[in-house]
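Asker: This is what each chain is made of:
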Amino acid sequence: MSALTQTPAEDAPPEPPDEERPALGRRYTGYLLILPGVLWLGLFFLIPFYSLVATSLYDPAGTVFSGYEMTWAWSNFDNAVTDNWQPLLRSFLFGGLATVFCLLLGYPLAYAIAFKAGRWKYLMLVLVIAPFFTSFLIRTISWQLILADNGFVVDTLQTLRILGADDRLLNTPIAVVAGLTYNFLPFMVLPLYASLDKIDHRLIEAASDLYASPIRGFAKVTLPLSMPGVVAGTLLTFIPAAGDFINAELLGRPSDSMVGNVIQQYFSGGNNYPDAAALSMILMALILGMVLLYVRRAGTEDLV
Amino acid sequence: MTALSRSGRWISDHIILIVGLLVLAYTFVPIAVVVLMSFNAPEARLTYQFDGFTWHNWTNPCEPEGMCDAVVLSLEIGLLATIGATILGTLMAFALVRHRFAGRTTANLVIFLPMATPEIVMGSSLLALFVGTGFSGDLGFWTILIAHIMFCLSFVVVTVKARLTGLDSTLEQAAMDLYANEWQTFWRVTFPLVFPGILGAALLAFSLSFDDFIVTNLNAGNEVTFPMFVWGSAQRDIPMQINVIGTAMFLVSVLIVLAGSLRGRRRATA
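Protein chains in written order, with the numbering used here: chain A, 1 to 304; chain B, 1 to 270.
Isolated chain A (complex conformation) (with noise of 0.2 Å):
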């Protein structure tokens, strides 16, 4: 887990501060300032994940209205699966495709601002970051209308014999992919500028007067120091995508569902909180455990 929250998202925990930095106040000082924040994250992080866990073990035959029975009921875990492993296979493939394509797209974005941009790169940056000021879900709308049946996407590939006749994008697995995509592009470009812009440039000159191709230098030098960067965005990215399931309501069918839209259905419906919290547990301890595997492995090669 040390390694997780050395992620660039995360800077390595700086030194603390030396004996001759100014020592703003005494001892008790660094308690005081934490406190009430990490108050704040155990009453409404933590324990609700505790509330969570119960809640997954309540008896299913419960309601909102009527309340919640604990009877230790594993058989939400054993429901939750059977009837939605569909969904669940489907977020960890969808997310997985759209990290795999953000990362085709975030990396020659992430070089170009860090090593070509010049004197452009902080506008460049802001460029990156200004479509999120826009809501994500009026981007999204958005996609409808772009990718829609008789709209020029469709149009242009259909001409191009690319679509067949009767083809379309919208309410597609491929427009839940798309969309998710363009949605948590900025997740991969980031961290990934963040590692490249740290890259000491002699070391790139150095490969080159070695007799080293461009792209023998890149796949020797840049890209091994830039995988502290592709770690930390392929997480960044691959978390929010597969637990969304605002992409796969607007730009999928409800075929195309994912576990996300399962757990939404399950709450807002108001009478299947367990296993909607089963659901939310599995999701959790699934990704949870991809991050250590992904960490773990890309810690011991590839990290520090």
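Calculated from the structure, these hints are not laboratory results.
It is possible that part of the hints are untrue.
Derived, one-sided and incomplete: chain B residues facing chain A with beta-carbon distance under 10 Å [said to hold, decoys possible]:
1. Gly89
2. Leu126
3. Phe130
4. Val131
5. Gly132
Computed from a prediction, not measured in an experiment: that's the story for all the values here.
Every residue, glycine too, gets a C-beta built ideally from N, C-alpha and C.
Add chain B to chain A, keeping to what the hints say.
Answerer: Leaving out everything else, chain B in the frame of chain A:
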């Protein structure tokens, strides 16, 4: 050989920039659609396409029933959540960078975890807490606010911490050498230097709060925030005015960011 490698270098020099710019352009396609649709005069309900130009949506932004109430609610919650998360998060960042204490690793982990948790899991566990403790009837303004402060907090800590870590401590030492006490050093030197980071964190918190749908929707009770209004209308027919709000939000935030960067640049050259 040399011609080949020279052309290879030219390609690698420029192709990547071109590809990068194309990717950047692609991220703006939906924004262009939002701006365009804000001037749309729809001919029929239920079809979402550009039918004709009009100023109507801009001159009657509050026409769709309940939309402006939702915007006001989102602004209120955004403002309060920003204030709460920025204060708590800034204190935490100072504690982590400037103070030694036992349990730093745990604190770091607790701060990191909300960023590594899918929103649907965060939202549903918070709902499980509220329901489990008997507050299911009280879902509304305060539960939304609690949730927003919670998920904005980590992002504030990370942003302020980054600024604080990069701070040149010789400036503070100089102040102390010139007989400023700790309090004066903090308010005259440290705080002004960290302030851009705090401002950036506040902007981030506000946009996260204003835009949140997944967590909010689960914990909102009968309240309707702007993203919830958009979601609801996407299931029926979409009023063009949501694009007016989207465009306005985009313009205002880009202006704020550009103004901030211009000020920063002027100060840096002065």
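Asker: Give a verdict on every hint.
Answerer: Consistency of the hints with the structure:
1. Because the beta carbon of Gly89(B) sits about 6 Å from the nearest beta carbon in chain A, less than 10 Å, this interface hint is met.
2. Interface hint at Leu126(B): satisfied, since its Cβ lies 5 Å from the closest Cβ of chain A, which is below the 10 Å cut-off.
3. Annotation: Phe130(B) was flagged as interfacial toward chain A, and the flag holds, the nearest CB pair being 8 Å apart, inside 10 Å.
4. For Val131(B), the shortest C-beta to C-beta distance to chain A is roughly 6 Å, which falls under 10 Å, so the interface hint holds.
5. The restraint placing Gly132(B) at the interface with chain A holds, with a minimum CB-CB distance near 5 Å, inside the 10 Å limit.
Every hint from the earlier list agrees with this structure, and none is contradicted.
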